[in-house]
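Colleague: Okay, here's what each chain looks like letter by letter:
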Amino acid sequence: MKLKKVKKWIRDGTPWIWFNAGAVTISIVMVAGLLLILMVRGLSHFWPHDVMRAIYSPPSSGAIDQVMEIIGEFVERESVSAIELTTSGIPVSEEQELYDRELFKFGNRDLTGADFGWILNEFVTEISYPESLFVLERRQWGNFYGYLTAIKQAGEIVVETDPGETGNNQAWLELELRLNRALEIYDSISQMERGSIGEINFQVERLRLRERRLELEDSLTAEAQSTIEAEAQALDAQYAAIQGDLNSLYEDFERDSAEFLAANGQTAEIPLAEIVRAYRPNSMNVFNKLLVYGSKLVEFLSDEPREANTEGGVYPAIFGTVILVLLMSVMVTPFGVVAAVYLREYAQQGLVTRTIRIAVNNLAGVPSIVYGVFGLGFFIYIVGGEIDQLFFPEALPAPTFGTPGLLWAALTLAILTVPVVIVATEEGLARIPRSVREGSLALGATKFETTWRVVLPMASPAMMTGLILAIARAAGEVAPLMLVGVVKLAPTLPVDGNYPFIHLDQKFMHLGFHIYDVGFQSPNVEAARPLVFATALLLVLLIALLNICAAALRNRLQEKYKGLDV
Amino acid sequence: MPNDIQDPAEPPMGKNRVEFSANYLKREKTVSNNSTDDNCLVVKGLNLFYAKTKQALIDVNLKIPRKRVTAFIGPSGCGKSSLLRCFNRMNDLIDDCVIKGKIYLDEEDIYAKKVDVADLRRRVGMVFQKPNPFPKSVYENVAYGLRIQGINSKRVLDEVVENSLISAALWGEVKDRLHDNALGLSGGQQQRLVIARTIAVEPEVLLLDEPASALDPISTLKIEELINQLKESYTILIVTHNMQQAARVSDYTAFMHMGNMVEYDQTDTLFTNPSLKQTEDYITGRYG
Ligand SMILES: Nc1ncnc2c1ncn2[C@@H]1O[C@H](COP(=O)(O)OP(=O)(O)OP(=O)(O)O)[C@@H](O)[C@H]1O
Ligand SMILES: [Mg+2]
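Quick mapping for you: the protein sequence lines, in order, are chains A and B. Under my numbering, the residues of the first sequence are numbered 3 to 568, in order. Under my numbering, the residues of the second sequence are numbered 11 to 298, in order.
Take the hints with a grain of salt, since some may be wrong.
The calculated DSSO-like cross-link candidates involving lysine-lysine, where the alpha carbons are at most 27 angstroms apart (straight line), are [what the hints assert, rightly or not]:
#, chain 1, residue 1, chain 2, residue 2
1, A, 562, B, 164
2, B, 232, A, 449
3, A, 449, A, 298
4, B, 164, B, 123
5, A, 449, B, 164
Keep in mind the hints are simulated off the structure, nothing from the lab. Fair warning: this is a prediction, and the values are worked out from it, not measured in the lab.
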């Protein structure tokens, strides 16, 4: 009786349904879990955590007991065995098997040498969260934690305050005011350096190349030389003028500084020019913290990286990733579509086309680093080198296109993803009913006209599907890019106001490589780790966004051609 | 089996002929004199093979008079569509399809090397068994053939689209939705749209392959009326499985069986007094 029931249960297909449901659930849980981890670990980094002050007196092997003041932010907690601790030089009693220890961010790298440290909970006393504690985010040396004692202008003390004083006292207001002023000057300085000075440098370089070119062509007449020199002088004069403005701005910029009292009575004078952001987390309510959180998030998305990429933003990397994917799409779509149209519509179907198809499908499985090597060997050394010889001889021996750059990276990714586009487009073409083609041909259209006016528009949703798959593959690719154009830190964006506006020969930053760089190449692993998560989350979101855009476009096209298989 | 060229006698004249209004393209039409020798299409010794071994048409000989309706009847798979597709060289698209013999359109061999196939297809329009509008607007469907010819003037297109749709008895139904997707039309409307699309390029010959097979009686009637109108200006070849329809719309009828042209005569004669027993069996439904 029971056996019969089981048999029926199996014949119903119920186990299969459960099996399928289980598989789907596991996939969803995995994706959700991944996103959750990235979000929790990445986004919490920007929250202004409270800063703790305490006395730490760990057991020491020496005669005198160490007692020190610590000021810092809690990062994480773990348990260690006593044995481990004793072997690493901390003589704890081995009666207790496990000790809790916490990782703290102490900052003040310029004063103490290291800005992270483990402390054993057992030996911490006098924990407090003084409201007057400051957190300073600096352009160099990482965070600073301490109490404000004085503000100086050109070396003279303007305001003095007691380290313990809280609330919106005069010193704090003064600091805020002067800091905003410094930040404004900083903005205009960087605008000038990037804008006018960058432009002048660009033109000076162009002038040099023009002279060199004339020289190579043996047509550098005295007349040409004198015009070039005149132009160079004009540029020099402009440069000198701007440089003068800039110098006075710098003087203004470096006018103020502030004195702080750090842990263990150390003092530090910090120029306001060094400070990016200053706040007192222990005295802030949730709303104020949210404001700081928002501004840090905006900084992350829209600013340049600082301190070997462990601080600041990732804007150049976002920009590089997006422009790379866009360029790749622009290259891969026509190429893949043309290839697919030829394979499906024009080529004689037979052994050769079958072989080509198999080859194309296999290409999709070639490890991406192989494409990177190909891009480096073929595009950069051979094609790029040739281009330099032909078109940019004046810049040699400095290569223009004979070196990794945006163009070659996009081309390499295009080659990497073209099989996907070909396969998807071919499938789309194959699905278009014969009757529609015949309808067009019967009206006197040639095959080309039929393909161009009827078949391709109808296959456009399939092309978009191919493009979506291509983007998904290309945006997450890192390995080949390291060979063909991505760098850890690019001084300028590949798109700017100087002719020809988009600089295909430039190197660029990329989120995927940024993750690798920050996570594994960084000198300061602890400081970098949250950024790894945040950047990874950003990359995932960016790919999702690009995909959603492409999918929306495809759906619109599909809507247009629906009811096609009547 | 009649292997010589069949040449039907003078057809009965004076059925209800309606003035056809599609003289909008100032293209000169070939002169018509309704004489017995004025054949639009002549087929000589046509053999068609789909694969080396599979012969779909066996030595077909046929003369099709100008500005008349010629119907093709016969059991399924006898080669009616295959024959029809020879007239506009649609079979060229099928790999391994081999055609032997000659077809003349106005005394010109359409399988000659120098023939421009696209031009031939413009002159010999075809409406397929299943309506196959393009996934474009109604307007663009009708304008397609003209755009292909490089005619993009809005004035000309507007006029042609309107006239073609009027000729295809569809104007009233779609004049308010010219720019809607043609796939939203009903099957019968789509079929008439396809006819409008075909006559918009002013062909000389219209090939209709079971144009009403998927339609309801009312749409069928409309299409039949349309055929009656159109034969004023076009030579029409129609494939149909409906004996009554063949009898109603055609002047001549050809009965085919297994790739052979069995009997070809004036419709009245063929239906009332067929010369072969095989034909009689088929049209009276005793075919088995
Ligand atoms: N593309 C093709 N490849 C191979 N054989 C074909 C092809 N098209 C038609 N045939 C064969 O040729 C023969 C004639 O086909 P055809 O389509 O001309 O018949 P038909 O008279 O139009 O039939 P129906 O009334 O069912 O439409 C059939 O046996 C068919 O199987
Ligand atoms: Mg047929």
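Colleague: Determine which of the earlier numbered hints do not hold for this structure and return their numbers in increasing order.
Modeller: As far as the earlier hints go, 2, 3, 4 are violated by this structure, in ascending order.
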